[in-house]
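A.B. asks: Heads up: the sequence lines are chains A and B, in that order. Throughout the first sequence, residue numbering follows the numbering used here, covering 50 to 258 in sequence. Throughout the second sequence, residue numbering follows the numbering used here, covering 50 to 258 in sequence.
Pairs involving identical chains hold if they fit within one copy or between any two copies, as the list cannot separate such chains.
Derived lysine to aspartate or glutamate pairs resembling EDC-like cross-links, with alpha carbons at most 16 Å apart: (1) Lys210 - Asp186; (2) Lys256 - Glu125; (3) Lys256 - Glu240.
It is worth saying that the hints were derived from the structure and are not from the lab.
So the chains spell out like this:
Protein chains: 2
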Amino acid sequence: MTHRRHFPHPSIRRLPSYLRLLLRLRDEGLPKVSCTRIARELDLDSTQVRKDLALTGITGRPRIGYILADLIRAIEGFLGWTRCTNAFLAGVGNFGRALIGYENFRHCGLNIVAAFDVTDEKVGTEVFGRSVHHMRDMPVLARKLGVVIGIITVPAAAAQKVADTMIESDIKGIWNFAPARLELPEGIRVENVELVSSLAVLSVAMKQN
Amino acid sequence: MTHRRHFPHPSIRRLPSYLRLLLRLRDEGLPKVSCTRIARELDLDSTQVRKDLALTGITGRPRIGYILADLIRAIEGFLGWTRCTNAFLAGVGNFGRALIGYENFRHCGLNIVAAFDVTDEKVGTEVFGRSVHHMRDMPVLARKLGVVIGIITVPAAAAQKVADTMIESDIKGIWNFAPARLELPEGIRVENVELVSSLAVLSVAMKQN
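Input sequences plus hints: build the corresponding full structure.
C.D. replies: Rendered as structure tokens:
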């Protein structure tokens with residue numbers, strides 16, 4: 050049996066913004082950084098910052114803080130972003146194209162190696178240097194390229210079928226942008242991105258003005 | 050002084066997925082729905098569902114549940130999605146284009162009426178039927194069209210300048226997709242979307258496999 054620690058999601062969600070700040074501070078030549086400084090820059094509570102960073106196994110020293118390079122390495126290591134993970138993207142619509150072209154993913158170890166669609170006009174083309182294949186070729190290509198992450202950017206109605214093909218392709222984690230709840234076998238990780246959730250928060254806040 | 054209630058963000062974030070399910074059930078001809086059914090469909094806890102829905106001011110009746118039409122109206126009303134809100138989008142890159150073309154926003158009362166950029170090749174063109182204007186024309190157009198929401202899809206380095214122009218344009222809420230923390234005056238609402246936050250959660254979960 051594997052020991053599976055529970056890490057709080059809100060803390061994990063904050064790690065990429067810490068990382069971005071730290072990389073900027075490193076580029077500015079800063080050798081060390083304190084929780085207080087991080088908290089001030091990101092408008093967070095410094096106790097929260099300390100707790101979040103402790104997740105990665107690193108602890109700062111009183112009056113010194115963290116060595117910047119160590120902290121960056123600890124966060125990247127915790128997230129598994131030091132190694133490249135190969136991913137497939139299914140659904141070459143506007144949103145899919147935008148994700149394929151999103152340069153920042155390289156800093157997150159995410160390497161979209163190929164795209165998939167079922168439309169004749171799209172299959173066989175290239176999007177930002179990545180070939181668009183037919184969905185039916187996914188299982189063979191996934192095994193050949195060692196792909197473990199699948200990104201779903203198809204319309205809601207097609208999402209489950211695409212997810213099923215990803216499972217068949219031995220993909221272990223799904224990043225789902227389709228507004229649909231997927232039925233997945235045990236052991237497959239899924240992270241649903243609901244863009245309008247964030248719009249809901251903004252709408253409610255503005256109604257209160 | 051206005052009374053400003055605090056609504057828990059995780060609950061607000063779940064409302065759009067309730068709404069989507071309820072609209073589907075309505076299309077299927079269902080007149081009523083229970084918390085248990087909603088919880089089962091969305092893989093949530095039914096006590097949590099009841100609490101979330103209570104935010105909107107509606108309460109279900111024991112053994113009957115909610116009248117579907119009433120519940121839909123309550124959620125849409127709470128979110129302010131019954132009326133259309135005019136929005137501007139700044140930054141006509143891949144991601145900006147994808148948002149302009151995203152049909153689902155219409156169900157959320159969000160109406161992107163025009164787009165903005167500073168690039169000569171983009172200004173004067175049309176994207177999914179919306180004109181692309183130069184950033185310098187934003188203040189005048191915002192007042193003319195009664196725009197209250199600004200969507201930022203420019204690179205991080207340009208985000209603050211765009212936000213400043215939005216403030217100058219009397220925009221009251223900013224939906225920020227740029228990986229940058231914005232400095233904004235009191236009273237301006239901002240909702241930052243950090244796509245890689247979600248990737249971080251998936252990455253950590255997969256490392257544990």
